[in-house]
Amino acid sequence: MSDTITRLNAALEGFASPEHRVGFAASIGFVLSLILVAGAEGQEAPREDGQWTMPAKDYAATRYSGLGEITPANAARLRPVWTFSTGVLGGHEGQPLVVNNTMYVVTPYPNVLYAFDLTEEGYPLHWKYRPDVNPFALGIACCDAVNRGPAYADGKVVYNLLDGHTVAVDAITGREVWKTKIAELSIGETVTMAPLIIGDRVIVGPSGGEFGIQGWVKALDLETGRILWTGYNAGPDSQVLANPDTFRPFYDEGTELGLTTWAGDTWKLAGVPVWGWISYDPDLDLLYYGTGNAAPYNPEQRLGDNKWAASVMARRPADGALVWAYQFTPHENWDYDANAEMILADLTIEGARRRVLVHFDKNGFAYTIDRATGEVLVAEPFVEVNWARGIDPATGVPQVDSTKLTGASKGNVENICPSLEGGTSPASPASYSPRTGLFYVSTNNFCMSWEASEAAYIVGTPYIGASIPYTPGADGHLGAFIAWDAVRGRKVWEIREKYPVWSGSVVTAGDVVFYGTLDGWFRAADARSGELLYRFKVGSGVVGAPISYTGPDGKQYVAVYAGIGGDWFLVAGDVRSDDPADVRPPADFMPDLARHTSQGGILWIFALD
Amino acid sequence: MVVVACGGSDSGASTSPSSDAGDRVFAGGVAPPTEILENPFDSDTDAVVVGEGLFAAMNCGECHGGGGVGFVGPSLVDGRWRYGGDDGELYQSIYAGRSRGMPAYGGILADAAIWSIVTYVRAQPIPESVPTESWR
Chain A
1 MSDTITRLNA
11 ALEGFASPEH
21 RVGFAASIGF
31 VLSLILVAGA
41 EGQEAPREDG
51 QWTMPAKDYA
61 ATRYSGLGEI
71 TPANAARLRP
81 VWTFSTGVLG
91 GHEGQPLVVN
101 NTMYVVTPYP
111 NVLYAFDLTE
121 EGYPLHWKYR
131 PDVNPFALGI
141 ACCDAVNRGP
151 AYADGKVVYN
161 LLDGHTVAVD
171 AITGREVWKT
181 KIAELSIGET
191 VTMAPLIIGD
201 RVIVGPSGGE
211 FGIQGWVKAL
221 DLETGRILWT
231 GYNAGPDSQV
241 LANPDTFRPF
251 YDEGTELGLT
261 TWAGDTWKLA
271 GVPVWGWISY
281 DPDLDLLYYG
291 TGNAAPYNPE
301 QRLGDNKWAA
311 SVMARRPADG
321 ALVWAYQFTP
331 HENWDYDANA
341 EMILADLTIE
351 GARRRVLVHF
361 DKNGFAYTID
371 RATGEVLVAE
381 PFVEVNWARG
391 IDPATGVPQV
401 DSTKLTGASK
411 GNVENICPSL
421 EGGTSPASPA
431 SYSPRTGLFY
441 VSTNNFCMSW
451 EASEAAYIVG
461 TPYIGASIPY
471 TPGADGHLGA
481 FIAWDAVRGR
491 KVWEIREKYP
501 VWSGSVVTAG
511 DVVFYGTLDG
521 WFRAADARSG
531 ELLYRFKVGS
541 GVVGAPISYT
551 GPDGKQYVAV
561 YAGIGGDWFL
571 VAGDVRSDDP
581 ADVRPPADFM
591 PDLARHTSQG
601 GILWIFALD
Chain B
1 MVVVACGGSD
11 SGASTSPSSD
21 AGDRVFAGGV
31 APPTEILENP
41 FDSDTDAVVV
51 GEGLFAAMNC
61 GECHGGGGVG
71 FVGPSLVDGR
81 WRYGGDDGEL
91 YQSIYAGRSR
101 GMPAYGGILA
111 DAAIWSIVTY
121 VRAQPIPESV
131 PTESWR
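Respectively, the protein sequence lines represent chains A and B.
At position 469 of the first sequence the residue is numbered 469 (this note's numbering), and the sequence of numbers has no breaks.
At position 110 of the second sequence the residue is numbered 110 (this note's numbering), and the sequence of numbers has no breaks.
If you're looking for bench data, these hints aren't it; they were derived computationally from the structure.
Yeah, the Cβ is synthetic: ideal placement off N, Cα and C, and Gly gets one too.
Check each hint, because a few of them may be wrong.
Calculated Cβ distances over 12 Å to all of chain B for the following chain A residues [stated by the list, open to error]:
hint, residue
1, A145
2, V385
3, G411
Examples of chain B residues toward chain A, derived with CB under 8 Å [to be verified]:
hint, residue
4, Y95
5, R100
6, V130
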């Protein structure tokens, strides 16, 4: 009977807010009635098969694992059980997959794909796949040669190459099934994002917001790799796939918004890349993704709202039709890409059950949005924000502090918070637990000055036009890992970190959340309280996203990459030691990071002892 | 993407960039005959000014960082060179590009412009403390 009560309580916790759980001592009958009601509302956690087949675990991009062996009570018994050097030094963003007792790992450039046999001692390789990737891509990738991981479906592992190709590899044999050129390196397009496979469609997009690309998403046929449709994020409706009959943005009216909100033909160099994550709601049949910055960084060269830069887009997977869009940061002035994940959840807001997406933007606001319509329900800052006072609930438009607007005529604009690294980086995806009702977010605590200048467009070179030094934020810490209540728009707890927090996270049915730090600590924390449960120094800063899965032995494992890089390859260039012909001073806002970490790609796996 | 004006070391600067890139290994110990590229500007100060302007206008600093301290591309002010640091070698890097990402500018820049950039880069002071980063 006590086991039954424990399970019922555990189940109930998935349906009750943290406040409502306080002092909870309900009768069994009360518990059962709540479960039945909640079950009727479809609040069940996703089914758990112990695998990890999509970049963010599921279509909803929750990064929630239904595994519960590791708990706050036993997490101190976690131990590293296996490591593997990927042989590559670039920033190891993203996450592995685990499918049919095989772990798939994609490295940064040169984008090697490893397939580890988890059934054999020492996890030897089934095979590795080494694509021929154009090294000139290293000079077109803005922010280190990262890759955010593969996706699996129908016996294929599908991922993107830095030089603008998508490949499908047979999951059993490692043989290449197809390879499709999706992006044009010569005009500044590279590819770093993780594809999402929706049915028989592979959804992909480019990086290149710093090279004046005209950003897009494409759908490829999973079977053949053939490009089925391309939807641009700026430009005429015919390119944006915004049919006036089916495009219904919640706040905007009119046609050709991707054209008329750009001065002249500046939309042709709009930027608006797609380098983050894609999610999908099968019931609404809508895919969601965020678009990146507007180009160049000198906004006076592209007057207007610049739609759909820094926006969330909702499209039909079948034909790419844009159904709604919402712009987080109109006339984007601060490199506030909106490429961070859109996490789909069902939340009760003001007494009503709402199908929402939750998005933590680089601009420092956390948004809870009706994912059927694009209506903003909640928008509150989750870090220090001073470029806007808030988001107007009637219009969805930020109330901008005009003294923080940038441009070549404005000189050096000081103390803009958050910095262009974002309140959180899209490189460090958040997680969501339907058990706690909380979102777990890696955050940054520093600000910037912005001195814009006239940018020259020279194809094949950066199109930027700004100098942007950073300054530490308040309270002497550069980052924090936080738990967020997206119904009330408030922080529930935080773990302060000395350095920016740049890893993703995974939260589990054991109510443990895992993340890593820039100075190389892998951590486990109690998902309800934020109490730290376990830590281990993993050899390099963590910019990847941990996953959890069931091994062939039935045990719960947690895997994560170590391997500092991404923007830190640029900003803290003294963390590298591989090139004797490239020696750099430390970043002045963070002078001692290289004391604690150095580049190195290592895959780590943890389990209870 | 990030553009940061990294604060460099303020330690004393030497004005004579040193490069070991000339210490090649030659099969059989014999250097191949090469065409000597001579910088027509030598260390002409006007060329330094022109080169500084071109360094910005051609987006060099967007990759190599403001002042060439290193960013996406390697530092140009550490006295170290992947592909050789004498005038002719720098000219070749700018003219023809390099396969780890350096675009080729020879199609859009005249000889004099490239040599001006070379002269500017070679005029940058090299901090004395390059090999050591110490926290004690």
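Going through the hints against the structure:
no. : hint : result
1   : A145 : violated, 9 Å
2   : V385 : holds, 19 Å
3   : G411 : holds, 15 Å
4   : Y95  : violated, 15 Å
5   : R100 : holds, 5 Å
6   : V130 : holds, 5 Å
Taken one by one, the earlier hints fail for this structure at numbers 1 and 4, listed in ascending order.
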